[in-house]
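Knowing the structure of chain A, use the given hints to seat chain B on it.
Given next are the chains, with one letter for each unit.
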Amino acid sequence: MKAKSRRTSKPRKTRAPSEFFDLRLYIAGQTARSLAALANLQRICDEHLEGRYRLEVIDLLERPQLARGDQIFALPTLVRKLPVPIRKLVGDLSDTERALVGLDLRPRAASRS
Amino acid sequence: MPKAATRPAPIQPVPKSPTGIQGLDEITGGGLPRGRPTLVCGGPGCGKTILSMEFLINGARQFDEPGVFLSFEESLEDLTVNFASLGLDPRPLAARKKLALDYVRVEPNEIQETGGYDLDGLFIRLEHAIDSIGAKRVVLDTIETLFSGLSDTRTLRAELRRLFNWLRTKGVTAIVTGERGDGGMTRHGLEEYITDCVIVLDHRVVDQNATRRLRVVKYRGSTHGANESPFFIDESGLSVLPIASLGLQHRVSPGRLSTGVADLDEMLGSKGYFRGSSILISGSAGTGKTSLAGYFAEAACRRRESALYFAFEESAAQIVRNLGSIGLNLEPWLRKGLLQIHAARPTTSGLEGHLSAMHRLIEEKKPRVVVVDPISNLISVGTSLEVKAMLARLIDFMKVKETTALFTSLTIDDSHPEGTDVGISSFMDTWLVLRNVEMNGERTRTLDVVKSRGMAHSNQVREFVLTHEGLKLLEVVRHEGRVLIGSQRAAHATDGPVAPRRSQKRATRT
Numbered sequence: 001m002k003a004k005s006r007r008t009s010k011p012r013k014t015r016a017p018s019e020f021f022d023l024r025l026y027i028a029g030q031t032a033r034s035l036a037a038l039a040n041l042q043r044i045c046d047e048h049l050e051g052r053y054r055l056e057v058i059d060l061l062e063r064p065q066l067a068r069g070d071q072i073f074a075l076p077t078l079v080r081k082l083p084v085p086i087r088k089l090v091g092d093l094s095d096t097e098r099a100l101v102g103l104d105l106r107p108r109a110a111s112r113s
Numbered sequence: 001m002p003k004a005a006t007r008p009a010p011i012q013p014v015p016k017s018p019t020g021i022q023g024l025d026e027i028t029g030g031g032l033p034r035g036r037p038t039l040v041c042g043g044p045g046c047g048k049t050i051l052s053m054e055f056l057i058n059g060a061r062q063f064d065e066p067g068v069f070l071s072f073e074e075s076l077e078d079l080t081v082n083f084a085s086l087g088l089d090p091r092p093l094a095a096r097k098k099l100a101l102d103y104v105r106v107e108p109n110e111i112q113e114t115g116g117y118d119l120d121g122l123f124i125r126l127e128h129a130i131d132s133i134g135a136k137r138v139v140l141d142t143i144e145t146l147f148s149g150l151s152d153t154r155t156l157r158a159e160l161r162r163l164f165n166w167l168r169t170k171g172v173t174a175i176v177t178g179e180r181g182d183g184g185m186t187r188h189g190l191e192e193y194i195t196d197c198v199i200v201l202d203h204r205v206v207d208q209n210a211t212r213r214l215r216v217v218k219y220r221g222s223t224h225g226a227n228e229s230p231f232f233i234d235e236s237g238l239s240v241l242p243i244a245s246l247g248l249q250h251r252v253s254p255g256r257l258s259t260g261v262a263d264l265d266e267m268l269g270s271k272g273y274f275r276g277s278s279i280l281i282s283g284s285a286g287t288g289k290t291s292l293a294g295y296f297a298e299a300a301c302r303r304r305e306s307a308l309y310f311a312f313e314e315s316a317a318q319i320v321r322n323l324g325s326i327g328l329n330l331e332p333w334l335r336k337g338l339l340q341i342h343a344a345r346p347t348t349s350g351l352e353g354h355l356s357a358m359h360r361l362i363e364e365k366k367p368r369v370v371v372v373d374p375i376s377n378l379i380s381v382g383t384s385l386e387v388k389a390m391l392a393r394l395i396d397f398m399k400v401k402e403t404t405a406l407f408t409s410l411t412i413d414d415s416h417p418e419g420t421d422v423g424i425s426s427f428m429d430t431w432l433v434l435r436n437v438e439m440n441g442e443r444t445r446t447l448d449v450v451k452s453r454g455m456a457h458s459n460q461v462r463e464f465v466l467t468h469e470g471l472k473l474l475e476v477v478r479h480e481g482r483v484l485i486g487s488q489r490a491a492h493a494t495d496g497p498v499a500p501r502r503s504q505k506r507a508t509r510t
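As they're listed, the protein sequences go chains A and B. For the first sequence, my numbering begins at 1 and goes up steadily by one. For the second sequence, my numbering begins at 1 and goes up steadily by one.
Excised from the complex, chain A in its bound form (with noise of 0.2 angstroms):
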């Protein structure tokens, strides 16, 4: 319902290379997943995001009660406070493709039209 009501005639764009990106990743612990994840991100924000992003990781095993408030459930999760709309990504964000899709910085594929 969001996905079509945002999409009105011509298919949804990425992101404006200017606008600012509020990321906030959780994590449980420094496991293998924990630190995939982390390399993904730094390297994704590297390419993407250079200069113009801010990230939390936010490890819950020390502050459990911050699952709440961004409805965690999976982990990693990987959220975008800004720009808005809110979008989560859960995974250790290995699938780079699905990544950038989920961050609105590659157009999701024609494949639904």
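Since the hints were derived computationally from the structure, they do not count as laboratory data. Check each hint, because a few of them may be wrong.
[Said to hold, decoys possible] With the C-beta cut set under 10 angstroms, the calculated list includes, among others, these residues of chain A facing chain B:
| id | residue |
| --- | --- |
| 1 | Ser18 |
| 2 | Phe21 |
| 3 | Ala28 |
| 4 | His48 |
| 5 | Leu49 |
| 6 | Pro83 |
| 7 | Leu89 |
| 8 | Leu93 |
Yeah, the Cβ is synthetic: ideal placement off N, Cα and C, and Gly gets one too.
Showing chain B alone in chain A's frame:
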């Protein structure tokens, strides 16, 4: 101690957590398996959430076991409203750290899967909630919602299995709800992971009557009632009505109480019914069943004992008026509150509705005597088997409370009143049969005691009349070895010499 080592350790029965839900603890023999997850499944609107809520609220209020409610379907606001609709305001309990509510919102539109993940976020949230209040009980309602937001079902399944195992190691007694699926008990096969205890709820319509049923499908390490039991949800929550009887361990009372008709007392060993017994009065239409029931209730009020009258055929006003015509004045007792009449059409609610309402009223008003007039009308809302089970339960319940209960039953075929439709007479201690005997162009009312357990009682068929002054049994008139009734009696009285004798044959029952 080498000798002890060879002997197997004694088997401990499965420890249980009482739900505090009327009837459910009875079926499960004491509650849900303590420290283990229980699956509660059924279609939409079957009562899963309400059962879960009551489990938590009762745990917090009655058993000092704080609980966590993790909802995947309803926001906290909706949950609070839903709790409140059952008269259970969760906020004070939450303020006292007896209850923690959390809402896990799964919004498929805003989720993108980008690689491997697990459900540690959910674990952490749940653990945080459990530890913050020292919870002993947990509800997950309904976790299958996760499947709508996450597409990697293999990961999800593995994670759910891990979650349930984790709940076991955490030692919390949990209810996990699941929606009924095609071909399985739940849509995503939760029953594969939760095998400790499985309860299925069902909501169906039989003959235009909505009926709710509960069944314990599985209970590892414990015996349990396997039958479907009706249950009922009203403003005070959920009550399950086990079909099984309460057992025959109740106390019996040697005390007696009057039937309200002196002559009838005479027939029952001169003393009347046993206290705490159940009495059946059957007969066809217009034989005077309600009148006898009225006498019984009125006599109780005279003794300053409270009486509860369930009327399934007539309104309260109608009963008062009609009994007034035979000299029974119920008004003062109604005003004093000693007599209470609850009139309802049998079809206004389902069978379990009536049963539950009756149970609740009896529990609440604690009457010494109860009248159900007529029990046969309840057949119209249930199958014969159900009515029988329901009645057995009600009778046992009242016996435990030493409440004397009188049931009337309308029989269709006057010649065979023993064939009472419900086949309920075996539950009854005393059984009176009223008949309309049609002979020589007139009808005569007769009464006889088919059985009366544990007391000497008359074996005679007695003629009786209903007059403005009340119900009177007539003297037995014999002539040439026959008992005369109706106008033969009158003729005999004017013609021949009558030896009016009270021939109360005291018969011991065989």
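Does A/Ser18 pass the interface check with chain B, least Cβ-Cβ distance below 10 angstroms? Violated. Min distance 23 angstroms.
Chain B contact restraint on A/Leu89 - CB to CB distance below 10 angstroms: At 5 angstroms from the nearest chain B Cβ, A/Leu89 passes the 10 angstroms test, so the hint holds.
Holds or violated: A/Leu49 as interface residue toward chain B, Cβ cutoff 10 angstroms? At about 16 angstroms, which exceeds the 10 angstroms cut-off, the nearest Cβ of chain B leaves the hint on A/Leu49 violated.
Interface hint check: A/Leu93, Cβ to nearest Cβ on chain B, cutoff 10 angstroms. Holds or violated? holds, 5 angstroms
When the least beta-carbon distance from A/Pro83 to chain B is tested against 10 angstroms, hint result: Violated, because the Cβ-Cβ distance from A/Pro83 to chain B comes to roughly 13 angstroms (cut-off 10 angstroms).
Minimum Cβ distance from A/Phe21 to chain B below 10 angstroms? violated, 15 angstroms
Given A/Ala28 was flagged as interface, is its beta-carbon under 10 angstroms from a beta-carbon of chain B? holds, 4 angstroms
Chain B contact restraint on A/His48 - CB to CB distance below 10 angstroms: Nearest chain B Cβ about 14 angstroms off; hint violated.
Taken one by one, the earlier hints fail for this structure at numbers 1, 2, 4, 5, 6, listed in ascending order.
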